[in-house]
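Visitor: Listed here are the chains, written in short residue letters.
Protein chains: 2
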Amino acid sequence: MHDFKELVAEFGTRFGVAQFPAAPASLYEPGEYFLSIGGKRIRPILCVLGNELFSEITEDAWSLATAIELFHNFTLIHDDMMDAAALRRGMQTVHTKYGDNTALLTGDVMLIRAYEKLQNINPAHLPKILSLFNTTAREVCEGQQLDMDFEKMPSVTLDAYIHMITLKTSVLLAASLEMGAILGGATPGNCKHLYEFGKNLGIAFQIQDDYLDAFGDPEKFGKEVGGDIRQNKKTFLLLHALEVATPDQRAKLDTLLESSGPDKVPQVMEIFKACNVDAWAIELKEKYLQMALANLEDIAVTSARKSALLSLANYLMQREN
Amino acid sequence: MHDFKELVAEFGTRFGVAQFPAAPASLYEPGEYFLSIGGKRIRPILCVLGNELFSEITEDAWSLATAIELFHNFTLIHDDMMDAAALRRGMQTVHTKYGDNTALLTGDVMLIRAYEKLQNINPAHLPKILSLFNTTAREVCEGQQLDMDFEKMPSVTLDAYIHMITLKTSVLLAASLEMGAILGGATPGNCKHLYEFGKNLGIAFQIQDDYLDAFGDPEKFGKEVGGDIRQNKKTFLLLHALEVATPDQRAKLDTLLESSGPDKVPQVMEIFKACNVDAWAIELKEKYLQMALANLEDIAVTSARKSALLSLANYLMQREN
Chain A
216 MHDFKELVAE FGTRFGVAQF PAAPASLYEP GEYFLSIGGK RIRPILCVLG NELFSEITED
276 AWSLATAIEL FHNFTLIHDD MMDAAALRRG MQTVHTKYGD NTALLTGDVM LIRAYEKLQN
336 INPAHLPKIL SLFNTTAREV CEGQQLDMDF EKMPSVTLDA YIHMITLKTS VLLAASLEMG
396 AILGGATPGN CKHLYEFGKN LGIAFQIQDD YLDAFGDPEK FGKEVGGDIR QNKKTFLLLH
456 ALEVATPDQR AKLDTLLESS GPDKVPQVME IFKACNVDAW AIELKEKYLQ MALANLEDIA
516 VTSARKSALL SLANYLMQRE N
Chain B
216 MHDFKELVAE FGTRFGVAQF PAAPASLYEP GEYFLSIGGK RIRPILCVLG NELFSEITED
276 AWSLATAIEL FHNFTLIHDD MMDAAALRRG MQTVHTKYGD NTALLTGDVM LIRAYEKLQN
336 INPAHLPKIL SLFNTTAREV CEGQQLDMDF EKMPSVTLDA YIHMITLKTS VLLAASLEMG
396 AILGGATPGN CKHLYEFGKN LGIAFQIQDD YLDAFGDPEK FGKEVGGDIR QNKKTFLLLH
456 ALEVATPDQR AKLDTLLESS GPDKVPQVME IFKACNVDAW AIELKEKYLQ MALANLEDIA
516 VTSARKSALL SLANYLMQRE N
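Respectively, the protein sequence lines represent chains A and B.
Every letter in the first sequence is one number past the one before it in my numbering, and letter 95, counting from 1, is 310.
Every letter in the second sequence is one number past the one before it in my numbering, and letter 321, counting from 1, is 536.
Derived from the structure by calculation, the hints contain no laboratory data.
Predicted, not measured: the structure shown is a model, and the values here were computed from it.
Just so you know, even glycine gets a beta-carbon here, dropped at the ideal spot from N, CA and C.
Heads up, a few of these hints could be off.
[Unchecked claim] Stretches of chain A that chain B covers, calculated by requiring three or more beta carbons in the stretch to come under 8 Å of a beta carbon on chain B: (1) 229-242; (2) 293-305; (3) 319-327; (4) 330-342; (5) 356-365.
[Unchecked claim] Simulated restraints, written as ranges between beta carbons of each label pair: (6) B:PRO403 to A:ASP218: 41 to 47 Å; (7) A:ALA237 to B:ILE252: 46 to 52 Å; (8) A:GLN307 to B:ASN447: 29 to 35 Å; (9) B:ILE252 to A:SER346: 49 to 55 Å; (10) B:MET368 to A:GLU366: 37 to 43 Å.
From just these sequences and the hints, can you work out the full model?
Guide: In C-alpha cells:
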C-alpha cells in the first residue's frame, strides 16, 4: 500500500514525459506546454488509489490515470477559452499563447489522446471503463454548459447549483475512483460506494473552495481573496445569502451585484457574515464529508486498505489554498 | 448485398432520430440542429459497405457508422469555428447561431457521443476498433492543423499538400471502410487493401473537388465556381500551376494572389489553362483512382461482393457537384 504522496511522485515521473508525438509541432507543442504548467494531479491519484483498494496497482491503472489527467487538461484548455482566461497557475493559457484556433484543436487532440490511453486496457474491463469514461466526459460538458447558463440567470436554487457542481466537478472525481476499482476487480456494490464517496467528497471540496475564496487566510490562499465576489460568481455562499437575507440585506446585495466599486468585496462580506454564511458553509461541507466517510465505511475491504483514501480526504478538507 | 443508395436510405432512417438526451437543451439542441442540416453520409456508408464485403451487416456496424458520422460532424462544427464560416449547406453554422462557447462545447460533446457509440461493440473487436478510431481521429486533427499552417506559408510542395489532404480527408474514408471490415471478420491483409483503396479514392476525390471548383459546370456545381481562387486556397491546381508556370506566368500569378479585383478569377483561370492544369489534374485523379481500383482488386472476396464499392467509387468520381 502506498500513501497518496508517494503516488503523486510516481505519477509525476510517469506523466512527466512527452505525451504527444513530436510532429506536427504546431499541433502538439501547445499541448505539451499546457501539461508542463503542472497541477495537483488529484484525479489520476484517485484512480490509482481506487485500484489499490482492491489489488496491486496494475499497469492498466497507470494508463487509465494518464487518460483521466489528459481528459481533465482537455477540459481546462477549452474552459479557459470559454472563460476568456488569460492565465492559469500564473502561466499563459493555450489560447492566449497560441491563438484560439490552435487552442481549440489542442483541446480536441488532448481528448482523443486520452482515449488512446484506454485502447490497450485489458479487454475484459475495457467496455465498462469506456462506458463510464464516456458518461462522465459527457456529464462534465453538461456541467460546464449549466455553469454558463447559470451565469446569465438572475437566480439559481441551491439544488440546481449542487447538480451543476456535481456534473462539472464531482463525477470525474467519483469516476476516477470507480474506474480504478473496476480494474482492481471490485464488485459492483463496492464500486457504487466508492463512486458515492468521490461524489460527496467532490461537493464538500467545492464548498470548501467557495468558502476559502471569501473567508480564506489571505496569506495562505495564494490568490486574492474575494475574487468570486468581484466577478459575481454564483457560489454556495452567495446563493445561500440570497436565500436567507432579510429584505433589506437582499436589496443591498442586489445593488452590490450590479456595482464594481472598491467597497464591493468588504460590503458583500459584511452581509455574508450577518447571514452567518460562513458557519452554514462549514456545516454543509461537514455534512457532505460525513456522507463521503460513511460511503467509504460501506466498502467491504479492511480499514487498513482505506487509510490512504482517508488521509487524502482529510488533506483535501484541511487545505487552505 | 445492398447497393449504396439502399444503404444511404437505411442509414438515414437510423440516424434521423435524436442522437442526444433531451436535457440540458442548451447543450444538446445545437447538436441536433447541426445534424439536421444533413450531409452526404458517405463515411458511415463506407463503414457499412466495408462490413458487407465480409459478412451480413451487423448491428455493431450500424453503431460504428453512427459513431463515424458523429465524429465527422464534430470536425465540421469545430472547423467552421476555425474558418469563421457563417454558413454550411446554406444554413447557419453552430457558432453563428448559438455563439462560440456553445459551439465549442457542442463539438466536444459530439466527439464524446461518437465514443459512446463504440462502447457496446463486440468486445472481441473493440480494442482494434477503438485503436483505429483514435489514430484516425488524431490524424484528422493533424491534417486540420497542417491546413491552417499551410495557409500562412508562401509555398507548399505538392507532396506536402497530398500528405495534408491524406490526413484531413482520406484517412477517415479509409478507416471507415477498414473498421467495417474488421467487424466483418476480415483478415489483416484484406483490411490493409481496403484501407489503401479508401485512402487513394479519397485523394482522387479531393483532386476532383479542387478541379470542379475551377472547371466545374456552373449550372451543375451548386456553388459559385472559382471560390477557391478568390480565397487564395492552396489547391492541387494552384500548387501545380506555381510549379510549372513560366517566370512571366509566375509573376502574374503572384500579383493576382495579392489582389482581389473582379478579374481575379478569370485571370487566374487563364493561367491555369495556359499551364494545362485541367488536363494534369484529370490525369492525376485518374492515377489515384486506378491505384484505388487495384487495391480493390487485391481484396480476396468475389467480385460480385465488390460491386457496391465499385459503383460508389464511380459515382463519386463522376459527380459534378
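Visitor: Now tell me if each hint is right for this structure.
Guide: Hint-by-hint comparison with the structure:
| no. | hint | result |
| --- | --- | --- |
| 1 | 229-242 | holds (count 3) |
| 2 | 293-305 | holds (count 3) |
| 3 | 319-327 | holds (count 7) |
| 4 | 330-342 | holds (count 9) |
| 5 | 356-365 | holds (count 7) |
| 6 | B:PRO403 to A:ASP218: 41 to 47 Å | holds, 46 Å |
| 7 | A:ALA237 to B:ILE252: 46 to 52 Å | violated, 37 Å |
| 8 | A:GLN307 to B:ASN447: 29 to 35 Å | holds, 31 Å |
| 9 | B:ILE252 to A:SER346: 49 to 55 Å | violated, 29 Å |
| 10 | B:MET368 to A:GLU366: 37 to 43 Å | holds, 40 Å |
Violated hints, in rising order: 7, 9; the structure is consistent with all others.
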